[in-house]
Structure formats: structure tokens, C-alpha cells
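2 protein chains.
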Amino acid sequence: MLRAAARALTVSSLNPKVLALADRHLGGLVARRAQSMQEELQTNPAAYPFNEIIYCNHSNPQSQGQQPNKFFREVLALCDYPHLLDRSETSFMFSSDAIARAREILGLIPGKTTGGYSHCQGIEGLRDAIATGIASRDGLPSYSDDIFLTDGAAAPVHMMMHLLIRGNKDGILCPIPSHSLYTDSMILRGATLVPYYLEESRGWRVNISNLKKQLDCARSKGIAVRGLVVVNPGNPTGQVLVEENQCEIVELCKNEGLVLLADEVYQENIYTDQKKFNSFKKVARSIGYGEGDISLVSFHSVSNGYYGECGRRGGYMELTGFSSEVRKEVYKVASLSSCSNISGQILMSLVMNPPKVGDESYPSYRAERDSILTSLSCCAEAMVSTFSSLKGMTCSKAEGGISVFPSVCLPPRAIEAAVAMNTEPDVFYALRLLESTGIVVVPGSVFGQVPGTWHFRCTIVPHEEKTQLIISRFKAFHEAFMEEFHS
Amino acid sequence: MLRAAARALTVSSLNPKVLALADRHLGGLVARRAQSMQEELQTNPAAYPFNEIIYCNHSNPQSQGQQPNKFFREVLALCDYPHLLDRSETSFMFSSDAIARAREILGLIPGKTTGGYSHCQGIEGLRDAIATGIASRDGLPSYSDDIFLTDGAAAPVHMMMHLLIRGNKDGILCPIPSHSLYTDSMILRGATLVPYYLEESRGWRVNISNLKKQLDCARSKGIAVRGLVVVNPGNPTGQVLVEENQCEIVELCKNEGLVLLADEVYQENIYTDQKKFNSFKKVARSIGYGEGDISLVSFHSVSNGYYGECGRRGGYMELTGFSSEVRKEVYKVASLSSCSNISGQILMSLVMNPPKVGDESYPSYRAERDSILTSLSCCAEAMVSTFSSLKGMTCSKAEGGISVFPSVCLPPRAIEAAVAMNTEPDVFYALRLLESTGIVVVPGSVFGQVPGTWHFRCTIVPHEEKTQLIISRFKAFHEAFMEEFHS
Chain F
423 MLRAAARALT
433 VSSLNPKVLA
443 LADRHLGGLV
453 ARRAQSMQEE
463 LQTNPAAYPF
473 NEIIYCNHSN
483 PQSQGQQPNK
493 FFREVLALCD
503 YPHLLDRSET
513 SFMFSSDAIA
523 RAREILGLIP
533 GKTTGGYSHC
543 QGIEGLRDAI
553 ATGIASRDGL
563 PSYSDDIFLT
573 DGAAAPVHMM
583 MHLLIRGNKD
593 GILCPIPSHS
603 LYTDSMILRG
613 ATLVPYYLEE
623 SRGWRVNISN
633 LKKQLDCARS
643 KGIAVRGLVV
653 VNPGNPTGQV
663 LVEENQCEIV
673 ELCKNEGLVL
683 LADEVYQENI
693 YTDQKKFNSF
703 KKVARSIGYG
713 EGDISLVSFH
723 SVSNGYYGEC
733 GRRGGYMELT
743 GFSSEVRKEV
753 YKVASLSSCS
763 NISGQILMSL
773 VMNPPKVGDE
783 SYPSYRAERD
793 SILTSLSCCA
803 EAMVSTFSSL
813 KGMTCSKAEG
823 GISVFPSVCL
833 PPRAIEAAVA
843 MNTEPDVFYA
853 LRLLESTGIV
863 VVPGSVFGQV
873 PGTWHFRCTI
883 VPHEEKTQLI
893 ISRFKAFHEA
903 FMEEFHS
Chain U
423 MLRAAARALT
433 VSSLNPKVLA
443 LADRHLGGLV
453 ARRAQSMQEE
463 LQTNPAAYPF
473 NEIIYCNHSN
483 PQSQGQQPNK
493 FFREVLALCD
503 YPHLLDRSET
513 SFMFSSDAIA
523 RAREILGLIP
533 GKTTGGYSHC
543 QGIEGLRDAI
553 ATGIASRDGL
563 PSYSDDIFLT
573 DGAAAPVHMM
583 MHLLIRGNKD
593 GILCPIPSHS
603 LYTDSMILRG
613 ATLVPYYLEE
623 SRGWRVNISN
633 LKKQLDCARS
643 KGIAVRGLVV
653 VNPGNPTGQV
663 LVEENQCEIV
673 ELCKNEGLVL
683 LADEVYQENI
693 YTDQKKFNSF
703 KKVARSIGYG
713 EGDISLVSFH
723 SVSNGYYGEC
733 GRRGGYMELT
743 GFSSEVRKEV
753 YKVASLSSCS
763 NISGQILMSL
773 VMNPPKVGDE
783 SYPSYRAERD
793 SILTSLSCCA
803 EAMVSTFSSL
813 KGMTCSKAEG
823 GISVFPSVCL
833 PPRAIEAAVA
843 MNTEPDVFYA
853 LRLLESTGIV
863 VVPGSVFGQV
873 PGTWHFRCTI
883 VPHEEKTQLI
893 ISRFKAFHEA
903 FMEEFHS
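Chains F and U, in that order, are what the protein sequence lines are. Residues 423 to 909 (this note's numbering) are what the first sequence spells out, left to right. Residues 423 to 909 (this note's numbering) are what the second sequence spells out, left to right.
Chain F with its partners taken away, still in its complex shape:
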């Protein structure tokens, strides 16, 4: 028999929607360069004028030394190996409320083990705990039937896109700049992205008249706009929306029949006393809109907050204003992956129902939380103040979220140099920063930005020493860069 040398599969025969996903999923130019520099530094520590790469390009705190919350991990360990609950030593090694919580959680699970498939929406008792947490946050009822426990926040976003998108004549309003989850999920399903720019000069507020204009424009082109994505607190932009702006968004969705997809994963990351997080559900109810008025999905996950449990892949979405018929279809999509991981489900319930005053773990829980949030807050303030003070740079307040997103007015000669290298100017700036300082940031073009403006996303880090190092290196680099390309 002849042996054909040809492989079965070529790139050109793959789903073009997958091919259309940006190459940044392969790391992007800046991240790839950082990776190779890191390897170089390992074999030759003197290769660069710095001894480490500082990753401000993503938020993955535990991989960078942040310790997980003790109470959360005690409960997870006890639930994973319940045999510990029968040992007398356990009472000396674990806090009493962690032991009580683990017993309570195991009591909620058929078979009392984390090894069984759960209900597709997640373990009912854990959803009850989460609904209680949401109710206490909002001062409004929340129901376990409305909650779908998920592997992080990406999974439920993909589920909702699956449900809403029929083809390329369906569109979703999506903020620019925004992180890639929403745009990628749309690309993969062939949806039309209907972008709306956040208003940088007003602290990345949502400009409703611009939003309405984009909606009308898409509709005039025959696009059925199914929903609107809003990210609050913002990513990468770090704003916390004011209630008045949230009301406008809710009213628009209600009047235009749009599903409001509210990314609320940074709800615990607030760095200013002037603002507080309001869920879109609370805002909708406050202006009198009930279940029958607006379809609203709120996404949350265990990857953010002060605890940063990214690798545990816990998350939920709360659906309100969905008819039971539509909800059945959501359930079908959720059931395609059986259920989310039980350990992540448990962790999500702990996040929404942490130790209370009087519990043995409360003081340590509170201390860990406050210490990290205070560090993040200090870092955010220091970064904003530094970036705002640099020549040609402006930086909106980091009221929440996990990053700042300064704008750099690049000198024409820098832009020319970038063009000559066949690079986007913001990528050029980020690469020069990396080569000079070891600091990795993400160029604004990855998130989208008003044409002709240039930004970068820099992650807020919970280490004061590192913050100081980043700031001083950044300052020196930027001044030298502006000097070099001064015309």
C-alpha cells in the first residue's frame, strides 16, 4: 500500500472562526519576548541591566508569591480528604470554623464527597449559600435556581454567547477597550462585534448617546443586536461606574430589549472611599425594573478579589429576567460539560459567604483581606500618581479592578521608528520598556483604543517593594524614551 506523506489536517482546512482568533493567544510579541529574556537571564544573569522580569501583564497573584487565604484552603483540604474530620489531631491543625464549614458542605453533597457529578447548575446547597451572599450584598432576594456554578467566568460567557448568537447578523455591544474574552467568544461564534468606546476623558464612563448611536448604526446595517456587555469595575480601565451611569445602561437595555451581560468579577476590588460597587441587578430593581422588564446576567469568579484563586476555576452566573423556557435552554448548554469542578463550586460558596465576626477564622481572614486590598490600593494610587506626572502620559484613577490603563502621547519620531520596524507604536513602546526595565505590560492595541491614541495595561500588584521598583524603573525609562524620540 502506498504511504501518503500528506497529513490529514492542514491549517487552511480548519474552522475559519478559529483562525480568526488573534495570535495574542500564542502570547503576543511582548509576552514572547519576556519569556525568552527570562530564559536568557536564567543562564546569564548579567544579560540585562536587571535581574528579573516583572510581570505586570496579567493578574495571577498566587503564581507570583501571594499566599492563598488560610480559611478557604483549610475547608478545601478537609472536603478533599474528609477522613481528616475523624482524626483528633485535626482540631489542633485546623480552625474550628473551617472544620464546621467542611462538615456542613459535605452534608450538602450526595455521597458526602467531592468526587461525584453534581446537578448541572452546581450543588444546590452551595447555590443557596451563594444566593444568600448575593442577597446580603444587594439587600435584595436572590434565588439558588438563578445561579449556575461554572468553571471560572469564561465558561458562562461562552454559554451565553452560544445561546444568543445565531450567525453573523447577530451582534453584541461590547466596550472598547475591553479584555479579549467577549470579543473572542463572539469571533468564535461568528457574531458581529458592535463596539462602543468608553469615554476616557470622563474616567472611562459609558457614554449613552454614543452607545445608542452605535446600536442604531448596527441596526441600520441589518444587525440584530442581542445584548450589551458591561464590565464594572472595568478591565483594563479600572473605573467604577457611578449609579447614574448604571441606570442609563439599564434603561437602554430595557427599552431596546437587550440582554445585559454584566461582568462583575472585580466587585471586591474597590480602591476608593468615594465609590462603591453596585450590582446591575440592584440598580435595575432600584429604578423599579423587575423580572419582567430586563434580562440580566451577572458573572463572577474566584479568580479575582483579594484571594486571586485563578487556578481553581470557580465561578457563577446569576440569571434574572429569563423565562423558564429560556432558562431550560441555558440549562441544556450548561449540561454539555456535565458540571463544573466541585472544588471550585465550594470555593465560590466560601467567597460569597466568608467567615463572620465571632468565627475563629474571622480575624485572620480579615487581616489577610485588608492587607492585600490595602497593598493593591496603595499600588494603584502610586501608579496613577506616577503615570499622571510623566511627560506625555495621562492616567485615569484606578477606582477598582486590577489594572491601570495610562495613555501615552508618543512623539512622532517614536511612531516613525515603530512603523519602520513594522510594529504598532504601543507595542514598540512596550518592547522598549521590557528591554530597559524587565517590566512586562500589555499594549493598548490588544484591548482596542481610539485610533491614534496609545495605551498600555499595567497590573496593580500587591507588593509595596515591587511597586516602588516598578515606578522608579518606569519613570527612568519613560524619561529616557521621551528624550530619545524628542523631535
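The hints are simulated quantities; they were obtained by calculation from the structure and are not laboratory data. Worth double-checking, as some hints may not be accurate.
If several chains are the same, the list does not tell them apart, and a pair holds so long as it fits within one copy or across any two.
[Claimed, not checked] In silico lysine to any residue, SDA-like type, Cα no more than 25 Å apart, as pairs:
1) 591 to 909
2) 439 to 742
3) 439 to 534
4) 591 to 617
5) 492 to 525
6) 634 to 457
Knowing the structure of chain F, use the given hints to seat chain U on it.
Just chain U now, kept in the frame of chain F:
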């Protein structure tokens, strides 16, 4: 302002591909009836001539009382709460090899915690361990770069479908009967299902000439057939393919340029000394086909095997014969959900690299494994022997997998009664079984079957007492049923 009472979202406006998913995702008629009977029994234990519902409709052993493997759970608990590794009590409470393994695993993870995002393919050191396990299973090299760690086995199946399916002119060859994962994934992406019937009279073997006929027929209709799904050991059919049959499948895929999607999740569930599990990769290499000849994906998960860790959502796919360009596109799709849960990744590495002779945990690991596999094997044999002995019933050997799939020759009067109730005859049989005995099985129509034949899937359970109970009740029911509908 006027308050429109209309909701934003109606079922008719949803993605028709979601609507096309069968309602069995909402539980199916039999499962829903079982659920309501269970609730009835709780309030009125005398409601039926039995006191419990026996779930033979799915495999979820830990939710039915099976204990998780001790070594696996020790390692997970230590990795969740590494603080335990610093306590002197730990050496009395955990086995020494679990402690050593946890230290080793934490050493592989940046930040030494399970709370960080990993590489999109999974933690490299864990992939190394899995590749070592695969290499030792097959006696062939395996590479960590070929492994993608995933949340169970459903996630990578959906990934591959995303990659391969461009639209409704693309098709995938899929066995009938088969569980719904593959067909649902195709429906959701609008692919054309190209079915091939397994040959029941020859122990559910793959009939290659029939397969080739289906392929040619699909092609003659303009369908681009992209791949072939094969499930070995079979689900729901329980066969273990002979090597000769596997060779034929590999050759067909190679000659026809089909990606071979090999569901090998039941590789450890083998109940006969006459057969052993051969991976498709091993078979392909044994007939001289290398990387350049055939694109092959092997799926595995922690949900099956004797350990049945369904709720932990661990899994992997091994890709061989994929060019680096195609693999980049797989990587893009994988990156859309950041990474799979780290706890599931760890568990998958333990499954593929369990305690060895000489390790402290080896005797207990071995005893747990053998005890469960022996019970499953006894149950499989008892079920097959009973079902084969019943009037009008035939049942192929359960060589592997987790279920038997007997054929019932229903009397014409039973079929008439079903038709009169507007029910599929196999659903009618399963409902009558449930009402009489409390035993829940899945009607064959859920998996697909040759028209005019009727089957049910009955899960093999690892409890000897329960097996006896199931068998005696089933026998009494079936005899009465056949008597009742005797013409």
C-alpha cells in the same frame, strides 16, 4: 415612560442549534419520573413496592457511596493546604509517599500553589508525568507538548469540534449507539452527523465495509467528512475492540485523511482476561504509521476508571500527527478558558502515575483498585448472564466500559401499548421497569439503535448486594411484563 411587559428574550429568538439539542438534557422522561418517585418515597415510604430508587442510568459512583482513593485524596488535600507539610502531625496522618508526591507536585508549580493560572495546556511537570504514564502503558514515547490538560473529557471534545467544523457541509463519523457528547457537540456547531452502526451480532464490532459505505454516501452528498469518532471500550455497548478491528479503523482514517478521535476514557475498565486495552496510538505505530501518517486525538479523564472522580473535572487529550501550525490553532481554542482546574490536573497526573510497588500507599491503592474492579467485573458478568437468559432478551458481553446494553425483543402488544401512550417502546419498557422495581435505566433510543430494535443501558455497579437486588427484581419484572403483553 411606558413599561413594556415583554421580556427581552424569547425562546424563538435563541440560537436554533441550542434549541436542536434534545430535551434529554432536561433529564429525559424516565429520569424525571424517577426524580418525582424519589421525592414521593421520602414523604411516603410505602408509596411503591420498594423503598429506594436504584440509579442504573448513569455512572456517578462516589455520589452513590463509593469512597475516593485514599492516596489521591491525601495528595490533593496536601496540595490544597500546603501548610500541612510544615506540621509534625502530618507524618502520622498522611502516608509518606503522598507527602513526597505533594512536595514534588508543588515544586512543579510556579508559586507552589494550586491558585495560579497554569500554562493553557496545563502545568508542564504534570504533563511530563502523564506522558511518562502513557509511554509506560504503550511502550512507546509520549511527549508533554502533545498533552492538553482539560476540565474532564467533554471540554477537549468540544475544542476539537470547534476546530474541525466549519459548517453544515462538514461531517464527523460517529458510532451508533453512542453517548450524546459527540452528537450534541456536532449539533451545537451545525455539523452533519455521519452515523455508522456498530455490529451488535459481532459484539458491537466496527464493521469497516459499512463504515466505508457511510463515508462514501456522505461524500456523495457533498459532505466533507473531517474525522471519525471511536469509543473504546464502548459506551453504552461495553465492547473492547480487537486489535485487528482497530487496525482496520486506523488504516481507513489514514487512507481517507480522517482525524481519528479516540474516546479512551474507559481504558482501565476491562473485565475480561481475553482482551486488553490497546490505545489507537499504539495500534497505529504497530502497523508502521507515524506522526506524518495519521492525526490522532486520544481523550481520557478522571471521571471513569475504578476511582470515578467525576466531580473533579480532570482530563487530557493527547494529540499526535498534528503539524505545529495546526497545534497552534488548538492552543488558541484551549486558551479561551485560560486553563483547566489545577486540582483536576494534579489528579489526572496521579491517575496516570499511581503508587508503585514499594511505595507505602501501594498495598492500599492496589487493594482499593482490585476490590472495585473485581466488583464491577462480577456485576458485569452477573448482568450479562441474567439478561442473556431472559426470554426475548440478548446481551453482548460486557468486556469493558461501565454499562451493558441488552436488546429486548418487545412483544407486538407492548409496542401497541407504547404507541397508544405516544411513547417510544423502549421508553415504555423503561418506565414500566421503574414503576415496578425502582430501577432506572436509559432507553436505547437515547443512544440510537437500528430501527425496529429496542435496548436499554444499565450501569454496572460496584456493589454485590445491589447487583443481586437489581438482577432478581429485573428478572421478576421482565417475566411479568412478557406475560402481560404475551399475544
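Is it within a copy, between copies, both, or neither that the alpha carbon of residue 439 lies no farther than 25 Å from that of residue 742? Between. Shortest inter-copy distance 23 Å satisfies the 25 Å Cα cut-off; intra-copy 31 Å does not.
Under a CA distance limit of 25 Å, which applies to residue 492 and residue 525: within one copy, between copies, both, or neither? both (17 Å within a copy, 18 Å between copies)
Check: Taking 25 Å as the upper bound on the Cα-Cα distance, should residue 591 and residue 909 be classified as within, between, both, or neither?
Finding: This pair counts as neither: shortest intra-copy Cα distance 47 Å, inter-copy 58 Å.
* How do residue 439 and residue 534 come out at 25 Å by Cα distance, when the copy is not named: within, between, both, or neither? -> neither (43 Å within a copy, 37 Å between copies)
Intra- versus inter-copy proximity for residue 617 and residue 591 (alpha-carbon distance at most 25 Å): Within one copy only: 15 Å inside a chain, 31 Å across chains, cut-off 25 Å.
message = Reference check for the pair residue 634 and residue 457, CA-CA at most 25 Å: within, between, both, or neither?
response = Answer is neither: 42 Å inside a copy and 48 Å across each miss the 25 Å cutoff.
Consistency with the previously given hints fails for numbers 1, 3, 6, ordered from lowest to highest.
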